[in-house]
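Peer 1: Please put together the full structure from these sequences, using the hints given.
Those protein sequence lines, which keep their order, are chains A and R.
When the letters of the first sequence are read in order and numbered with numbering that gives the first Met the number 0, they come out as residues 0 to 240.
When the letters of the second sequence are read in order and numbered with numbering that gives the first Met the number 0, they come out as residues 0 to 528.
Derived by calculation from the structure, the hints in this document are not laboratory data.
Note that the Cβ used here is the ideal one computed from N, Cα and C, for glycine as well.
Fair warning: there could be bad hints in the mix.
[As the list claims (entries may be wrong)] Covered, in the sense of this in silico footprint (three residues per stretch, anywhere, with C-beta under 8 Å from a C-beta of chain R), are these stretches of chain A:
(1) 52-60
(2) 67-75
(3) 83-91
(4) 111-124
(5) 147-160
Read off the chains here:
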Amino acid sequence: MEISIQGVSKKYRGNKFGLKDFNLELKNGILGLIGPNGAGKSTLMRILATISRPTEGKITLDGIDIVKSPDTVRKILGYLPQDFGVYPNLTAMEFLEYIAAIKGFTGKSIKLRIEALLEELNLTVVRNRPIGTYSGGMKQRIGIAQVLLGDPKLLILDEPTVGLDPEERVRFRNLLTDLSGERIVILSSHIVSDIETMAGEIAIVFQGRLLEHSFTLEKGTLEDMYLKVIALAKSGGRHVL
Amino acid sequence: MFSDYSAASVFHIAKADFLQRIRTYYFLIALGVCVFIIYSFVPALDASYTMLSLGNYRGFYNSAWIGSMVSMCVPFFALIGFYVVNNSVKRDLETGVGQIIATTRVTKVQYLSGKLFSNFAVLLLMLLVIAAMTIVMFLVRGESGHLEPGKLLLPLLIMTLPAMFIIAAFALFFDSLSGPGRGFANIAYFFVWIFLVSASLMSQATDVFGVNTCMLEIQNSVKAIHPDWNGKSGTGILITDSIGTCKVFTWEGMNWTVSIILQRFFWMLSAFGLVLLASLRFNRFDDSETKEKKQSRFWFQKKTPVFVDDIPMPLQIRYRELPVASAKFSFFSLVKAELLLMIRGKSRFWLIPTAGLFIATVFVPLGFAYKYGLPLLWFLQVLILSKLGCREFENRCSEYIFSAAFSLRRQLPATLFAAFVVMLSLAVPVMLREFFSGNAYAVYAIAAGAVFIPAFAVSSGVISRGSKLFEVVFTIMTYCILYAVPYFDFTGAIAGSRELGITNYFLSAALILVILAFLGRKIQYIHDH
Chain A
0 MEISIQGVSK KYRGNKFGLK DFNLELKNGI LGLIGPNGAG KSTLMRILAT ISRPTEGKIT
60 LDGIDIVKSP DTVRKILGYL PQDFGVYPNL TAMEFLEYIA AIKGFTGKSI KLRIEALLEE
120 LNLTVVRNRP IGTYSGGMKQ RIGIAQVLLG DPKLLILDEP TVGLDPEERV RFRNLLTDLS
180 GERIVILSSH IVSDIETMAG EIAIVFQGRL LEHSFTLEKG TLEDMYLKVI ALAKSGGRHV
240 L
Chain R
0 MFSDYSAASV FHIAKADFLQ RIRTYYFLIA LGVCVFIIYS FVPALDASYT MLSLGNYRGF
60 YNSAWIGSMV SMCVPFFALI GFYVVNNSVK RDLETGVGQI IATTRVTKVQ YLSGKLFSNF
120 AVLLLMLLVI AAMTIVMFLV RGESGHLEPG KLLLPLLIMT LPAMFIIAAF ALFFDSLSGP
180 GRGFANIAYF FVWIFLVSAS LMSQATDVFG VNTCMLEIQN SVKAIHPDWN GKSGTGILIT
240 DSIGTCKVFT WEGMNWTVSI ILQRFFWMLS AFGLVLLASL RFNRFDDSET KEKKQSRFWF
300 QKKTPVFVDD IPMPLQIRYR ELPVASAKFS FFSLVKAELL LMIRGKSRFW LIPTAGLFIA
360 TVFVPLGFAY KYGLPLLWFL QVLILSKLGC REFENRCSEY IFSAAFSLRR QLPATLFAAF
420 VVMLSLAVPV MLREFFSGNA YAVYAIAAGA VFIPAFAVSS GVISRGSKLF EVVFTIMTYC
480 ILYAVPYFDF TGAIAGSREL GITNYFLSAA LILVILAFLG RKIQYIHDH
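Peer 2: Quick look at the structure:
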């Protein structure tokens, strides 16, 4: 599976750009997006998740234009937004069944998968309690469960470790490792160490542009590289790929 | 008295809230409605209706008459004004701003004072627009070329301004109640408003809006000047074709006595009582008690702790061992899930009256069940229906729901169908009884109503992105049905509505509303983020 992002821009009112002439080729594996607040990471992820449209450029999934045929992506997508909510009166089981029904999964097989997911995420004990009573970390896990409902081939995870404690972050990393391989996983995080440990390749985004795209990183070097690239961009010596 | 810190904090709370409100499209729409009301309430002399009738006399369109006519629109401004300014405290709770404020030195009284002043400031801005429009109407419709600002605008200052303050206090009072949700306040205020208008028209002693005082003064004046006056008078939308032929009465304006001014002050002071009550009820954004109360209301399970213990995530998630689910879309599974979503978590205060009224429609006389039972039964679902088009946004689920494959063509029809099923199921006893009594039209009209209401609920939720529009309009429509106004008759029970073809209009409207809902949702998919 291949995603090709070609000259993508997202322009807002007042001639402001969320993304500007963004180019990137993605293959199976984990891509970590890193950049300061407002850099355009979430804008890129929303465009890839087909809930926003680019104002310029083209994005293809195995050659198919996802702006013209968004359902091509949606059928294989698991998306975790940065700021998401739940229906608080539904139980975990009911909520996941509802999302599964919208995604087009019904019947016994999805029920079994939801039960297994809840088991794996250690939510079985509270599966019949309204989600409104859950803690922040447990709600985040419900978000992760809805991502994994249909065995997605493309995962877009915007700040997935927010709300998870340090131990849960380690567990989440293990999950991602298990997931990678035959999937494209795009994740963003403010936590450099998270990106460094989880991602096979990284992309540094700043002011809507791709500043750096690197495949091989030595452990402990990302933070230095990130700071140098951002400092260079701020001083005007922009190194744009 | 307030210290510098207190005064500054009250000012800044009020200022921030004021700016937040007036920078919304809703506020502009509300101003547009006010302008339209004034334009309509000062009709041309050849219009087929009047707002202030004096039997065989009509008022000469001078400054005093136009000013008084506009000030008599105050009940309408009070209705619109409330819905413009309510929910500011609840918004602070939802956005988390309230919790930030709760951790500062700002006291309950300071916070609520800030909100009260903000409410009042928004309504004052509305009043300024109303005053400007009154001058415009004098220039457009006035028969006298002599503009007397005092006579034109003093009724607004003395009658309407205190009424706006009272509305600001009512909004704050409803807002401070921690238990009921926004929807309850939207509906409850409508009935409070009915009560206030009735009280104002009934007697001078209970004249909150000043309508009775103004009307009495006009009646006394016309009686004194024109002994041949037939004694008839009225206010409201009065259909007439004879206004041009009426004799002319020149109104010189209100005699602003100390008693009138004191009465207006009295009502303003009474509004402070509401603020006091609000401060007693306001829990300073500590919503744990509310959550606990809400918990105890879930009817499908035993009471659970407010927050369950945080159960840690397991060390290793064996993703590859999870059973694989096969994709198979089922419309009816989605409808079932939608039905569950609609009724889950609803309190017994909804369930018991719904069940009671449903059973009553089986046994009470058919005419009564059809005319009153069914509209009330459907009305009881207002808080469920009002969420249908906007709950994805209210619960912040829109991003992942809208990014599901084919969700527009799957989810919205399922939502509409589920609501239709609920409406139709509730109407089954009345429909069957009408069918067996040979009234096929009633069956058709009820089915049309069961189509129209979900269409209206979903489309208004999608377009307005909130539940308020549907809650207010559906409440007014139901009220009109109970008072036998045929134009709002979505059940077909009111005499005359069949002849007017109202059911067919509702069915056509439902079709248009469904199209609007789909278009609105499609635009949200594309342009929102």
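Peer 1: Next, verify each hint and record whether it holds.
Peer 2: How the hints compare with the structure:
1. 52-60: violated (count 1)
2. 67-75: holds (count 3)
3. 83-91: Held - the segment 83-91 of chain A has 7 residues with a Cβ nearer than 8 Å to chain R, which meets the minimum of three.
4. 111-124: holds (count 9)
5. 147-160: holds (count 4)
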